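Residues per chain, in single letters:
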Amino acid sequence: MTWWRRLVKRNELDEQLDRELRFHLEQHEADLIAAGSDPEAARRQARIDLGGIQQVRENCRDAWGPRWIEDFWQDFRYTLRSLRQRPGFSLVVALTLALGIGSTALMFTVLDGVLLKPLPYPEPQQLIGLQEKTAKATQFGNLWAFAYPNFLDLRRDALSVDLAAWHFVGGTLSRPGEPENVLGVEASSAFLKVLRVTPVQGRDLSPEDDRPGATPVALVSDALWRRTFGQNRGAIGASLVFDGRQYTIAGILPPDFRLGDEQVDLLTPIGQNTAPYMLNRDAHPGIKVWGRIRQGATIESVRSELTVIASRLSSAYPKSNEGRTFIAETLRPVTGTAGTTIWLLFAAVVAVLLIGCVNVASLLVARAVSREREMSVRVALGAGRGRLVRQCLAESVVLALSGGSLGLLLAVAGLRPFIAMWPGDLPRASEIHLDWRVGLFALAVSVASGILFGAVPALTAPALNPARALREGSRTVAGGSWRLQGTLVASELALAVVLLVTAGVLGSTLLRLSALDPGLNVNNVLVARLALSPSVLNEPDRIRSAWQNILDRVRGIPGVQAVATVDTVPMREGNNQLGYWPAADLPERTRLPLALATSVTPDYLNVMGIELRAGRFFNETDRQGSQPVVVIDETLARRAFGREPAVGKRLWIPDMGAAPVEVVGVVNHVRHWGLADDDQAEVRAQFYYPFAQVPDRFLRRWSELMSVAVRTSTPPRSIIQPLRREIQGAAHDQVIYEIRTMDQLEGATLARHRFLMTLFTAFSAAALILACVGIYGVLAFLAGQRVPEFGVRVALGARPHDIMRLILRQSLGMILAGVAAGSILALASGRLLEAWVSAVRANEPVTFSAMIAVLVAAALIASLLPARRASRIDPVLALRQD
Amino acid sequence: MAARQDLPQGTLDLLIMKVVALGPVHGYAIAQRLQQVSQDVVQAPQGSLYPALHRLESRGFLDAIWRETESGREAKFYRLTKKGRAQLEVEIANWARLTEAVSLILRLSEGVGQ
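So the protein sequences, as listed, match chains A and F. If you count the first sequence from 1, position 455 lands on 454 in numbering that gives the first Met the number 0, and the numbers rise without skipping. If you count the second sequence from 1, position 19 lands on 18 in numbering that gives the first Met the number 0, and the numbers rise without skipping.
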């Protein structure tokens with residue numbers, strides 16, 4: 000008989016049992032009467048022979064199978080009844096748990112989506128990423144992006160893996176529709192097949208497309224197709240112009256197609272890229288190579304095959320491939336610092352949940368102790384100990400489950416706002432969904448916390464000797480449970496200390512960082528990337544005049560004070576690190592110290608508000624053919640020339656030519672890496688060089704990286720429209736994109752700290768409140784238990800403040816224990832924080848003590864209330880009690 | 000009347016199954032049958048008969064249907080299931096082994112006594 004049938008058909012079964020037993024009795028009676036008994040005697044005899052009918056019935060029910068389900072059901076109804084009797088208590092408990100479980104479930108959802116879920120392609124464990132590895136390391140390490148010719152050789156020779164090459168290409172989509180900057184990918188023809196992605200319309204790239212001179216074809220994203228073609232099916236075969244080149248649309252990518260977090264708008268064959276560096280094994284910008292392990296192969300067999308091919312290539316091309324091998328790793332999502340942020344927050348919400356559980360546990364212990372006599376009576380009447388424990392657990396699990404379902408609702412409601420609150424872009428945000436995993440997690444957490452906070456009272460309260468308990472009545476001072484509750488409260492306080500100290504350390508770090516000088520004036524500066532018209536990009540002279548034209552036109556916009564172009568904007572992603580040396584005796588190239596190189600136009604200092612410390616900045620005389628010049632920052636000046644004046648000195652920068660460049664000026668250091676990271680960055684030295692002196696052969700590449708920076712006298716965003724208008728050029732195909740204010744960029748460098756601090760402050764406030772409620776509840780309860788004792792004391796002459804002192808001593812004991820344990824935990828977690836959050840110094844005695852003082856003060860205030868109430872005891876009433 | 004014997008532990012199930020194996024039968028009839036066949040030596044305690052029946056039913060050795068008796072009353076008739084039949088054979092074999100072993104031991108102790 001299945002258990003559910005017993006639950007569902009319980010009444011029917013009972014009724015059948017009754018009928019069966021009645022039949023038995025009546026038959027027996029009839030037989031006895033037939034044998035000559037008189038009816039009354041027969042009735043009695045039949046009943047005696049059967050034995051107690053009630054007992055038979057119970058035994059039959061027992062025989063139906065284990066009873067725990069029914070007991071559980073009974074416990075459940077009993078629980079509901081008893082919880083309904085105390086709506087306030089139940090509500091507080093359920094809400095505490097809802098907050099704890101809800102925030103834990105929310106963080107788990109984020110953690111699951113961002114860190115645990117595999118890549119969103121079929122059978123992601125077969126996907127690998129390849130890199131080149133050199134035997135010798137340079138300042139940049141020994142791992143490198145692929146050279147395209149190496150990829151071609153690998154693809155031809157590798158038998159254990161299908162390989163695809165790709166790289167991002169940004170560019171201007173000038174037709175059809177308004178010109179806009181789009182993100183594209185150049186990829187080899189097998190790219191989508193390796194990922195197991197199929198175009199939703201049209202066809203995939205074919206090997207025929209993927210070679211020089213083939214007809215240019217492109218796959219477009221679903222979004223681009225909607226935007227520019229209005230979902231027209233005729234889009235297949237239509238043409239578009241990307242970076243001045245005309246492509247035929249071959250297919251449409253699936254709507255959810257992403258590479259990492261990037262929404263790719265365009266996919267074109269990499270084989271048609273005829274840039275010279277595509278044939279260079281030695282110096283090239285690098286491409287990415289991904290692969291899918293073939294059936295029957297393993298990553299180990301792929302690795303050994305790669306080693307064999309690499310050694311063949313190094314003997315065939317010793318100049319570039321000597322000591323160069325290829326390494327393969329399983330492809331994993333890239334999440335950056337989001338991982339540690341998520342783990343920190345997850346730890347914090349778990350701590351809050353634990354505090355909540357401990358709080359509820361101590362409330363339940365208090366209640367269980369006051370129900371001691373009820374329990375004793377039930378034990379005396381025959382309830383098994385296991386049954387009582389189960390009943391306590393049922394109560395807590397019911398509480399936890401209702402808290403948990405409420406919490407899940409909170410998580411559902413809070414998830415999107417939370418993601419929106421994330422500083423910057425949360426990696427893999429598109430993978431975050433509430434799904435069955437989250438539901439299961441919430442259920443597991445609810446049951447676990449129910450058992451956690453239910454087990455303590457369940458195992459302690461009924462574990463008593465009923466005879467003793469009944470004899471002693473309620474005058475007993477609950478010695479055992481006082482120690483237990485003290486421990487519970489102390490552990491609550493310990494966790495609260497950890498959260499408070501963490502919030503405090505984050506707060507003081509943030510204060511310290513905000514006070515730092517970025518080295519430039521971030522107010523009223525607008526920066527935007529700018530793509531020149533593809534039509535000018537092939538001729539250096541036209542590139543130079545296009546840039547000059549842009550500067551002139553922008554300078555004319557009302558509200559613009561100064562304008563400059565710059566390749567790497569401070570505090571924005573992207574930098575150019577070059578080796579330098581202050582003398583002609585250059586060491587080996589890989590051992591040169593590095594500096595951040597920035598190419599700018601003469602007005603750059605005025606735009607950014609950077610101060611000239613010595614010498615001059617660039618002017619119109621620094622041009623092609625004149626003496627190459629640089630302006631260095633104070634850091635570089637100190638590193639390269641020590642205390643000597645730097646102006647007039649020379650620097651050897653091999654990447655800028657064999658001849659040395661002349662230092663013509665010194666400016667202040669700019670915190671290029673942002674306020675949080677610059678001070679501990681590895682490469683801090685900076686120098687600027689004039690854009691006008693960039694050699695012709697690099698001009699096109701540089702122009703693709705260039706941004707325009709504008710200082711305004713009006714709010715900077717107000718000039719976006721005029722800026723767009725002025726720079727669009729004669730062909731209307733020059734666009735600006737990634738438009739930011741410097742203020743915004745600076746704020747973003749502290750966003751992670753601010754985000755963590757805000758949340759930790761909220762969590763520690765919650766923890767503090769919970770801990771205070773816990774202390775208050777426990778002391779109020781303990782004081783209540785000791786009322787008769789206090790009555791005696793007062794009757795014997797104790798004064799109110801003596802009683803208060805008694806209670807406060809008890810509370811101080813708990814507080815000190817909690818603070819001691821919490822401090823040790825906080826020191827340990829401080830190390831973690833130091834490692835995971837930049838610029839944090841865990842060892843901050845002032846913050847540490849301030850936070851602990853806050854906690855102790857709050858806890859004492861919470862203890863004062865019950866203490867005062869106890870001190871006002873009327874001895875006569877107290878002694879009459881019980 | 001000979002002294003009534005309490006049943007050894009576990010034998011009630013065996014006896015019930017044996018009786019039920021002869022054909023569908025209701026609880027009262029089982030009680031009667033046990034008493035008659037054992038010539039009143041075995042006291043099948045009616046109080047434990049029904050829990051035993053329900054236990055065997057819930058373990059799948061018996062199943063039950065409601066139908067009319069000869070006297071036209073509704074009663075719950077038990078039948079042996081296939082699983083129950085197999086179990087009965089096992090238990091009978093066990094019983095045979097046990098009684099044989101017990102009697103061996105009893106004989107041995109007589110020998111020692113002499």
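Treat the hints with caution; some may be incorrect.
Unchecked claim - Here are the computed distance ranges between Cβ atoms for each label pair: (1) 58/F <-> 447/A: 41 to 49 Å; (2) 439/A <-> 104/F: 43 to 51 Å; (3) 58/F <-> 439/A: 42 to 50 Å; (4) 58/F <-> 90/A: 54 to 62 Å; (5) 58/F <-> 115/A: 43 to 51 Å; (6) 446/A <-> 38/F: 33 to 41 Å; (7) 58/F <-> 259/A: 55 to 63 Å; (8) 58/F <-> 446/A: 24 to 32 Å; (9) 72/F <-> 446/A: 47 to 55 Å; (10) 761/A <-> 58/F: 54 to 62 Å; (11) 447/A <-> 71/F: 55 to 63 Å.
Stated by the list, open to error - Examples of chain A residues lying across from chain F (beta carbon under 10 Å, computed): (12) 18; (13) 22; (14) 31; (15) 50; (16) 60; (17) 63; (18) 303.
In short, the hints are calculated from the structure, not lab data. Please read these numbers as outputs of a predicted model, since none were measured by experiment. Just so it is clear, CB atoms sit at the ideal spot from N, CA and C, and this is done for glycine as well.
So, going through the hints one by one against the coordinates:
1. Here the CB-CB span from residue 58/F to residue 447/A is close to 34 Å, at odds with the stated 41 to 49 Å.
2. For residue 439/A paired with residue 104/F, a C-beta distance near 58 Å fails the hint of 43 to 51 Å.
3. Separated by about 34 Å at the C-beta atoms, residue 58/F and residue 439/A break the suggested range of 42 to 50 Å.
4. The hinted window of 54 to 62 Å between residue 58/F and residue 90/A is violated, with their beta carbons roughly 46 Å apart.
5. Between residue 58/F and residue 115/A the beta carbons are some 44 Å apart, a value that agrees with the proposed interval 43 to 51 Å.
6. Here the CB-CB span from residue 446/A to residue 38/F is close to 58 Å, at odds with the stated 33 to 41 Å.
7. For the pair residue 58/F and residue 259/A, the supplied restraint of 55 to 63 Å holds, since their beta-carbon distance comes to about 59 Å.
8. For residue 58/F and residue 446/A, the hinted distance range of 24 to 32 Å is satisfied, since their beta carbons lie about 31 Å from each other.
9. For residue 72/F and residue 446/A, the Cβ-Cβ distance of about 50 Å falls inside the hinted range of 47 to 55 Å, so the restraint holds.
10. Take residue 761/A and residue 58/F: their Cβ atoms lie about 57 Å apart, and the range 54 to 62 Å holds.
11. For the pair residue 447/A and residue 71/F, the supplied restraint of 55 to 63 Å holds, since their beta-carbon distance comes to about 59 Å.
12. This hint holds: residue 18/A has a C-beta 7 Å from the nearest C-beta of chain F, less than the 10 Å allowed.
13. For residue 22/A, the interface hint holds, the least distance from its beta-carbon to any beta-carbon of chain F being 5 Å, beneath 10 Å.
14. The restraint placing residue 31/A at the interface with chain F is violated, with a minimum CB-CB distance near 12 Å, outside the 10 Å limit.
15. Checking residue 50/A against chain F by beta carbon gives a least distance of about 3 Å; that is within 10 Å, so the hint holds.
16. Satisfaction of the interface hint for residue 60/A is found here, the shortest Cβ-Cβ separation to chain F being roughly 8 Å, below the 10 Å cut-off.
17. This hint holds: residue 63/A has a C-beta 5 Å from the nearest C-beta of chain F, less than the 10 Å allowed.
18. This hint is violated: residue 303/A has a C-beta 58 Å from the nearest C-beta of chain F, more than the 10 Å allowed.
The structure fails to meet hints 1, 2, 3, 4, 6, 14 and 18 from the earlier list, while all remaining hints are met.
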